[in-house]
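As they're listed, the protein sequences go chains W and R. Following my numbering, the numbering of the first sequence begins with 23 at its first residue and continues without gaps. Following my numbering, the numbering of the second sequence begins with 23 at its first residue and continues without gaps.
One or more hints might be untrue.
Unchecked claim - Covered stretches of chain W, going by a simulated chain R footprint (3 or more residues, C-beta under 8 Å): (1) 60-66; (2) 98-111; (3) 332-343; (4) 348-356; (5) 362-369; (6) 372-383.
To be verified - Residues from chain W that keep clear of chain R, each with C-beta distances beyond 12 Å, as calculated: (7) E135; (8) D203; (9) E264; (10) A275; (11) L278; (12) G292; (13) G397.
These are calculated hints, taken from the structure and not from any lab test. Glycine is no exception: its CB is placed at the ideal position from the N, C-alpha and C atoms.
Number of protein chains: 2
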Amino acid sequence: MKQAPITFDVIATSGNARAGFLRTRRGVIETPVFMPVGTAGTVKGIRFEELESPDLDPKIILGNTYHLWLRPGIETIRACGGLHKFIGWDRALLTDSGGFQVWSLGALRKITEEGTEFRSHVDGSLCFLSPEVSMDVQVALGSEIAMAFDECAPGQADFEEAAKSIALTARWAARSRAKFDELQLSGADSGRTEPLERISGAQALFGIVQGAGHLQLRKESLDRTVEIGFDGYAIGGLSVGEEKNVMFEMISATALNLPVNQPRYLMGVGTPEDLVEAVAEGVDMFDCVLPTRNGRNGQAFTSQGRINIKNSRWTTDSQPLDPACECAVCRRHSRAYLRHLYLSGEMLSSILLTHHNLAFFLDTMRRVRQSIRSGDFPKFRREFIGSLSSNENGA
Amino acid sequence: MKQAPITFDVIATSGNARAGFLRTRRGVIETPVFMPVGTAGTVKGIRFEELESPDLDPKIILGNTYHLWLRPGIETIRACGGLHKFIGWDRALLTDSGGFQVWSLGALRKITEEGTEFRSHVDGSLCFLSPEVSMDVQVALGSEIAMAFDECAPGQADFEEAAKSIALTARWAARSRAKFDELQLSGADSGRTEPLERISGAQALFGIVQGAGHLQLRKESLDRTVEIGFDGYAIGGLSVGEEKNVMFEMISATALNLPVNQPRYLMGVGTPEDLVEAVAEGVDMFDCVLPTRNGRNGQAFTSQGRINIKNSRWTTDSQPLDPACECAVCRRHSRAYLRHLYLSGEMLSSILLTHHNLAFFLDTMRRVRQSIRSGDFPKFRREFIGSLSSNENGA
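Looking at chain W on its own, in the form it has when it is part of the complex (with noise of 0.2 Å):
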C-alpha cells in the first residue's frame, strides 16, 4: 500500500457533518478538531504540561510560520533540531504559511508577483516573503502539515479584485507544491521520521482556497487548487470582515465540493456556534484565536453564553464560570476571585481564563465527534445553539 504523509479516514457521517480520524506522523487527530494557536511556539499562558492533561489533550496545535521566521529565526529553530524540540511538544504541529500574518500588516506590505515586502513588527527590518520562503521556512519547522503561500483579500473585495487575488494565490499554490517537494527530497525537514503503517514518514501540505465573498471565484480557486494536489485543503480568506451569512454560504459551497476523501480546514474560525455550524457543512478542522485571546481579555466562553469577568455582578459570586464546565478552573475557582484576579492584573488571570476556554472549545468538539458517531448531531447541535443564547446578559 502507497505511504502518504497523512491518512484520513471517515468512520461516521450525519448530514454533511463528518467523523473521521487524521493520522499523522506524530499521532492520531480525531475530527471534527480544534486546533489550539501556538503563535510564537507557546499557546499563549498555558504549559505544555496543561495541553497534555485530560482537561485539554489536543492532539494537535499551531505555530505561525511569519512569528517564528522573524523570531526566534529559522537558523536557531533549526539549530535546536525543529520546532518539536524546540518547543518541547511531541505531538502533531501545522504551519500557517505566513499569508494570512503578512496580508494583515495593511498598508506595511507590498505585493508582488514574486512574493510580500514588509517591514518586521520586532525589528523594523525589510523582509521578504514568497512561497519559496515560506515553504524553506515550514521544512525547517518541521510541523506535520504545512500550508501553501498564499494570498488573502479583504472580506468585501470586488469580484476584480478577488479574481486577481486567486490567479496569485494559484500560481503561488503551485510554486509553493514544486519547492515544497523539492524540499522534501533534500531531507531538508526537520520533523521527518521513520514510516509509519500508511504513513510516509514525511511532512504534508495543505492548499488553500481563496475568493472573497464571491461564489464564482470559491469555485474556481476550488478547481485550481486540487487540480494541483494537496494532502487536504483549506478554506481561507473568511472571517476577515465579511457578512456571517456570506461567510456560510462560501463555506457551504467550497466544503462540499472538496474531495471527499481529505481532511477540510476552515481557517482561523470561530465562535463556538460557527465551529458547530461549520462542521454541519462538512467542515473536519479549525483553529482560532479567540478562546485565548479573548480569555486574557477576560472572557470566557461558557455553555450558556459568553461571560465578560471583569462585570461587577461577579464581585461576591462564588459560582464557577459555568457550573456545567468540569475542567481545572471551574472544578476549584469561583467568578469573584476570577474577577478579582483580571482587576488586579494578575497573570494568573489570563492563565485560568484561557484554560477553561480552550476547554469549552475542546470539550465542545469531543461532543460534536461523540454525536456524529451515535447519530445525535441534529440534536446536539440544536440544544447547543439554544443553550448559547441563554445567558448573554453576563457578556
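Assemble the complex: chain W is given as a structure, and chain R must be docked to it using the hints.
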C-alpha cells in the same frame, strides 16, 4: 494538655541551625521553611495545582494584608468565606500586617501615634491603617498566622530615629495583641477550624522585632515584644538598604535571644545564600519575592549561580536552566526556548522561570532540613555556597 493556635517542635539541631515541625490548624510545616509570596491572593504566574505538585509543594504561602484590603476589599473576601475559600487554597496562609507595604510608600504616607495615613495605589483614595484595622483585616482573611502591625525604620536609620521606631512598634504590638484577642473571642476569625490534637483551631499572632542596624535597639525591641507575648517572633526591617554584614549581625544577635521553643521568622529575606546563612543563625521561617519577581524579569536561580536568560549566549543552548535541577521546566525546556519566550514577551517565560525559581528555593530548603537532621548541615552549607559562585558569568 493546653491547646494553642500553633505548636513548634525542634527535632534536630546543628550548631545554631534547627529543624522542626510547625503545626497549624491547616497542616504541618517542616522548618526551616521558605514561604512563597502570594501578594494579591496568587503566587504570581503559578497555578495552585502547580504549587501543590511535588516540584514545589509549599505547605504555607503568604498573603498581603495591604493589597487584599485595598482590592478586592475585606467585605468581598468575608462574603466569599475568607481568604482560603476565596482563592481556593486549603493549606496554611500567613498574612503580613501591611506595615511594611505602607512604609514602602515613602513620602506618600504619614505616620502618627494612631496609625498610618496614605493614598491607595489602586485608586488614590485616602486610607488609614492602624494596629486595629490590620487585625480586623487579618482576622477577616482568616490566615493561620497573622502579624502584629509594626513600624519599619530605614536600613541606615540613626539611633534616635530607630529608637523612636521601636518604641512605636512596641506600643503598636500591644494594641495589635489586644485587638487580635478581642476579635478571636468575638468569633470574627474566618479561618477558624475545629480543635485538633494540641491545636485550638484559632489564629496565631506573631510579634516583630525592629531596631534597624543597632544591636542595643534590637535587644530592647526583642525584650518588649517577647514581654507582650506572641505565638512566634519575626525579625523585621532587614534587607532594606543596610550592608549585608550589618544584616547578619542583627540576625545573629536577635535569633539566638528569641524564645527557643517558638518559631523565628526572618521577614523579606532573601537570596538562596542568605537563607542558608540565616538558618545557620537559628532562623526557621522565610519569605521573599526574589524567586517570583526575578523570574518575571528573566533571572533564574541555579545551583551554580544566577542566569540571565536574556543573554545571547543562550540563543541555541539546548541545556536546561540548571542541569542539576529536576523540576518540570528543567526536565522539558531548554535555555534557548526560555530565552525566545522572554524576548517575545510571552507569558510562558514568567510562568516557567517562576516555577523553576520556586522549585530551586523550595528544594534548597528541603536539602537544608535534611542536612540538619542527618548532621551534615556544615558540609551542605559549605558546598552549596561554593557551588553558587561557579557560574556567575551567566548572570
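Hint-by-hint comparison with the structure:
With 4 residues having a beta carbon nearer than 8 Å to a beta carbon of chain R, the stretch 60-66 of chain W meets the requirement of three or more and the stated coverage holds. By the rule of at least three residues with a Cβ nearer than 8 Å to a Cβ of chain R, the coverage given for the stretch 98-111 of chain W holds, with 8 such residues. Against chain R, the stretch 332-343 of chain W contributes 3 residues with a C-beta closer than 8 Å to a partner C-beta. That satisfies the three-residue criterion, and the hint holds. By the rule of at least three residues with a Cβ nearer than 8 Å to a Cβ of chain R, the coverage given for the stretch 348-356 of chain W holds, with 4 such residues.
Residues of the stretch 362-369 of chain W with a Cβ under 8 Å from some Cβ of chain R number 6, which satisfies the need for three, so the listed coverage holds. Residues of the stretch 372-383 of chain W lying with their CB closer than 8 Å to a CB of chain R number 3, which satisfies the three-residue condition for coverage. The beta carbon of E135(W) is kept farther than 12 Å from every beta carbon of chain R, the shortest such distance being approximately 32 Å. Every C-beta of chain R lies more than 12 Å from that of D203(W), the closest at about 29 Å, which supports listing it as non-interface.
Listed as outside the interface, E264(W) is consistent with that label: its C-beta sits roughly 31 Å from the nearest C-beta of chain R, beyond the 12 Å cut-off. Every CB of chain R is more than 12 Å from the CB of A275(W) (nearest about 39 Å), matching its label as outside the interface. A cut-off of 12 Å between C-beta atoms confirms that L278(W) is not in contact with chain R; the least separation is 39 Å. Its beta-carbon lying about 24 Å from the closest one in chain R, G292(W) satisfies the requirement of being farther than 12 Å from that chain.
At roughly 37 Å, the least C-beta separation between G397(W) and chain R is larger than 12 Å, which holds for a residue marked as non-interface.
Consistency with the previously given hints is maintained throughout, with no hint failing.
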